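*Asks:* Which chain is which? The protein sequence lines are X and Z, in order. Be aware that the first sequence starts at 2, since it is given in this note's numbering, and climbs by one per residue. Be aware that the second sequence starts at 2, since it is given in this note's numbering, and climbs by one per residue.
These are computed hints drawn from the structure, not numbers from a lab. All of these numbers come straight from a predicted model, not from anything done at the bench. One should not assume that every hint holds.
When chains are identical, the list treats them as one kind, so a pair holds in a single copy or across two.
What the hints assert, rightly or not - Distance condition first, Cα-Cα at most 20 Å in a straight line; then the derived EDC-like pairs of lysine to aspartate or glutamate:
no.	residue 1	residue 2
1	LYS317	ASP563
2	LYS89	GLU628
3	LYS641	GLU559
4	LYS638	ASP195
In case you want the letters, here they are:
Number of protein chains: 2
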Amino acid sequence: MEIKEKSINTLRILSVDMIQNANSGHPGMPLGCSPMLYILFSNFLKFSNNNINWINRDRFILSNGHGCALLYSLLYLFNYNMTMNDLKNFRKLHSNTPGHPEKNIKNMIDVTTGPLGQGIANGVGMAIAYKNLSEKFNKNDCVIFNNKIYVSCGDGCLMEGITNEAMSLAGHLKLNNLIILYDDNKISIDGSTDLTFTENTFDKYNAMGWNVLVVEDGNNDLVSINNKINIAQNSNKPVLIMIRTTIGYGTSKENSEKSHGTPIGEEDIINLKLNCNFDPTIDFYIPYDVMVHFNNLISQKNYNYTEWCNTFEYYKKSYIEDYNILKNFITNKINSLNSLPTFTDNDKSMATREISGLCLQSIHTHIPQLIGGSADLSPSNNTKIGNVLDFNNYSGKYIHYGVREHAMCAIANGISTCGFIPYVGTFLVFITYCIGAIRMAALSKHQVIYILTHDSIGLGEDGPTHQPIESLTILRSIPNLLTFRPADGKEVVGTYEQALTTKDKPSAIILSRQKLPQLVFTNSNMVCMGGYTLKKGENIILIATGSEVSLAINVMKELEKDGLSVGVVSMPCCELFDIQSKEYKEQVLPLNIIKISIEAGSTLGWYKYANYCIGIDTFGSSGDGDEVMDYFGFSVKKIKDKINLFIKFI
Amino acid sequence: MEIKEKSINTLRILSVDMIQNANSGHPGMPLGCSPMLYILFSNFLKFSNNNINWINRDRFILSNGHGCALLYSLLYLFNYNMTMNDLKNFRKLHSNTPGHPEKNIKNMIDVTTGPLGQGIANGVGMAIAYKNLSEKFNKNDCVIFNNKIYVSCGDGCLMEGITNEAMSLAGHLKLNNLIILYDDNKISIDGSTDLTFTENTFDKYNAMGWNVLVVEDGNNDLVSINNKINIAQNSNKPVLIMIRTTIGYGTSKENSEKSHGTPIGEEDIINLKLNCNFDPTIDFYIPYDVMVHFNNLISQKNYNYTEWCNTFEYYKKSYIEDYNILKNFITNKINSLNSLPTFTDNDKSMATREISGLCLQSIHTHIPQLIGGSADLSPSNNTKIGNVLDFNNYSGKYIHYGVREHAMCAIANGISTCGFIPYVGTFLVFITYCIGAIRMAALSKHQVIYILTHDSIGLGEDGPTHQPIESLTILRSIPNLLTFRPADGKEVVGTYEQALTTKDKPSAIILSRQKLPQLVFTNSNMVCMGGYTLKKGENIILIATGSEVSLAINVMKELEKDGLSVGVVSMPCCELFDIQSKEYKEQVLPLNIIKISIEAGSTLGWYKYANYCIGIDTFGSSGDGDEVMDYFGFSVKKIKDKINLFIKFI
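Looking at chain X on its own, in the form it has when it is part of the complex:
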């Protein structure tokens, strides 16, 4: 047997051994995809275990993340910070080899995958990011960026809507640095794809601006796999390679959904090993010649890396200014936030979305890593900056994402892994279209900024389809995500300071459509505390966010006329408040004072802080914004009455 086939069989057997040992996992994909990923990793994928942070490293994304036993096997054979012990601990608590790939640069895993389609959209993001870096930094005599983005995916990924959104945009942008290997095995969990998925994939993606190539026998025809990936190197469009494989190849469950998600079984493993001339009594076995083969590949890759390093040394010397800018990308460093505007209570009333727009305008030239976009709501979200990034100018810094919220957020996740700080905009209510990718950002600790405008029933006439009720609660319930709802200019500035400097989590910035007054007591430097006292009070403390802070101040004034001592707390970010010291929290929200929350949205999360919660737990209504606000009880008088009623009964 040739060393290539033997290596592929080693990968197959190693993967099923891992899954059998874990008694859990997905053997079908590794058995079918070992040939294509062996060819990709051996002959094409550019990486070096001498520098995991190599900026021109190729990217590989396992969008069909359930097949990660194969990825871990490859990382082990390529000696990429993966040990035999890791493989034996597959899917065990605290192991380095979890059930789906979790972001871990050490193991070449740039993005967490598993939920289908995310990885493809992440890949589109990386392809955009590297197109931008290439155009900005490459020189005629010195090409430092020429890497490719490879994604592997299955039928499931292609059925997801997010994939269509992402691939449509990739086709439009002519991202020819993006190559998708599609494991076309015709089987999904419910059975044959004939049950539900009978698109003409070839024609469809051609119509969407992709080059579509086909490998008829992805189980055995290594030459064809190699040729097609080779052709893809010089495409003028993104490339989808349809590789026909057999799920669970080489076992009694091949070509059946039964091989997808449960260990293949001892008997099948014995037969597989026998058929491959492996000793069936030995698990986790790497033949000596296979080991040598991979070591040679590693040496070649490291040699190639060294060559690039020479180029980069030349770049450093010859293009020092560009190099210094590039360093910001590499080190994720922000020059300065001094250019953010300043606001005082003397400034005119403005919608916080407008203030956000001013912030972006003033800082974007100072932060080259900033790259923005909106899902076709640029004028409404006030997100527009700089030049547009398009296929005729990849160096632009504004992306027209189209009406593609889910892909937009997942693309931003990919972009964020390439040294950029991406922000994206849509209406707050439409987080329901993209929360899957927002969750992945939080889970993967990507720095992505969501600019979410039209933040309450106060948006008015567009009605309940567009009026958020539950949105803030949804965002606050997601771990490792900061949700900001600033009240005025000062708090918007403080919010941007936090969002731009918080590197290990995404931030959602919630902004009003309607104008809000600039307040006296707010303080941009206090946003970092999450919540802070605007005015102290002895009897009652009103806690409010965003547009309701000015309302709370007015309610406070009215209540004080009746002789009560009323405090006001602005809570722009509950998550930051939660991590303050017990002393600080009890100073802002003393235990023995009645606390009342006021926010024009679901009350569900506010009982954590307040004894009485004023909010909206039904859907909104179409009408003039002020009238709608009043109808749902958000007027000084109605809130005051509610509070008086509440006090009377305690």
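Chain Z: place on chain X using the hints.
*Replies:* Below, chain Z alone, put in the same frame as chain X:
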């Protein structure tokens, strides 16, 4: 001018008058789409203002819901429960004419639309439903169902991922009763679609199993519009008619995004009226001959309806058994829930997803309206019933939705409007892929049942990408949605009773992957109360849901060994508990007893009921389910220790 052109101009002018009068709205679409919707409503759409509940009525869905001024104008001219006063109150609070169409059968509005793509998927659902009804009830000598589903949409709808999912399934299922009119105006909010949306639409949808027809001049060529809709009547596939129009047609802002979302302005309206030979000083004007023309159309439609009624009378007499079954669909009546299984604490431990599967198996033959499906997780969600619905057997009652969660939920919304009770399954964590459609179900009061399995970190090895943390909080934060998390067999049965009989809202049924014991104190008849006492206690009350109820009982036993009197409350549905009387709620959760919640998910929403909340506010981890549960503190010992610590400090 011909009466047709005059009628179309009347619609255009009426729509912009409404928007100008409201000083808010979207004139671009009505100006461009009046011709196509006039032709559709006049020459094709089958309806009768004599019976809004006509079961063979054609369906029309405005997926580009922002263009609703045009729909309201059409309803007015067709005298379909729409008054001139309604038009004048467009977008005003409590009006009959909100800013986006809101479900209202009285006005032929079967589904709420606005968030893009939803309407198309709703249409796919209706097309499936009527294919099913046709195959089940039509007879060779008596066709009672032959209606069509028409959807209008714009570029925005086609960019959304949900649309691709829905249209892919529609193509697979060969739903030739579905016709989409695509307002191909090449403009979105950010500007020309050249900015971001350059697919070859014709080829793409052909590749997805659609017939694609083209109208080159949708502004003027009424004959072509008519011909293409006519051709679509006899297609063997679903039909997409690309109708090239000009947004904002006839105004100075035509062919510009500026005409999309703000009133067109007085000057433009005057010019438009002058150009159409309308008096520019009169608003809301209907020429007499136009009124007569529409009255003639109404008469014709009512005559056609009467003819169908004769057919239906014959059906009633000749096919009484089928008629009686059909009556259940028409009246939304459930025969009996007696066939649900019964469970006792003597039964073996089972995963609640398995119990759910048994419930579905036992009731589906008794409830013909039940129609199920899963997003490619049928064996994991235990959702499979009866025969598969596919293009070779539309009478089946199980749909393989493919990996298309968002479309699945929106399709279910459409199905629910045709007399069916649809249920759909996926993993709980993947509500992040479909919450947009779940929100629409809640807003529109559709009866849809979500079967959401693998409900906590207890699912184990698949890891944090698959382990819900925030999901229950998300569902509970959405108004008008019931979220059930039953603890055992009895509670699953009680949950199905509630979900099947609650007609005006969707229900989410949250189920475990892992086995759970059958409990002594649970009671299926108490699920309707939302929360109830399993055991009374004087010192502490533990509140738990689902898999944590048995845990809470064991913790209670341990704490009582130390001399505490500890109660246990099962809370399968917070939303139902919330609407109980104050007395009942204080009986279950007395004010003066310490209350502690235990749920393996976000604690955010639990402060509403508990003084101390035990949950998980970080992401989970890949590993054996029991080990993961223990690691995150969900063991009797760890919870007991936490509670003891909490008590010590209060």
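*Asks:* Take the hints in turn and mark each one as holding or not.
*Replies:* The hints, checked one at a time:
Proximity of LYS317 to ASP563 under the C-alpha cut-off of 20 Å is found in neither arrangement, the shortest distances being 70 Å within a copy and 71 Å between copies. For a Cα distance limit of 20 Å, the shortest separation of LYS89 from GLU628 across copies, 17 Å, qualifies, whereas the shortest one inside one copy, 63 Å, does not. For the identical chains of this complex, LYS641 and GLU559 are intra-copy neighbours only, at 7 Å inside a copy versus 47 Å across copies, given an alpha-carbon limit of 20 Å. For the identical chains of this complex, LYS638 and ASP195 are neighbours neither inside a copy (62 Å) nor across copies (50 Å), given an alpha-carbon limit of 20 Å.
Hint compliance for this structure: hints 1, 4 are broken, all remaining hints hold.
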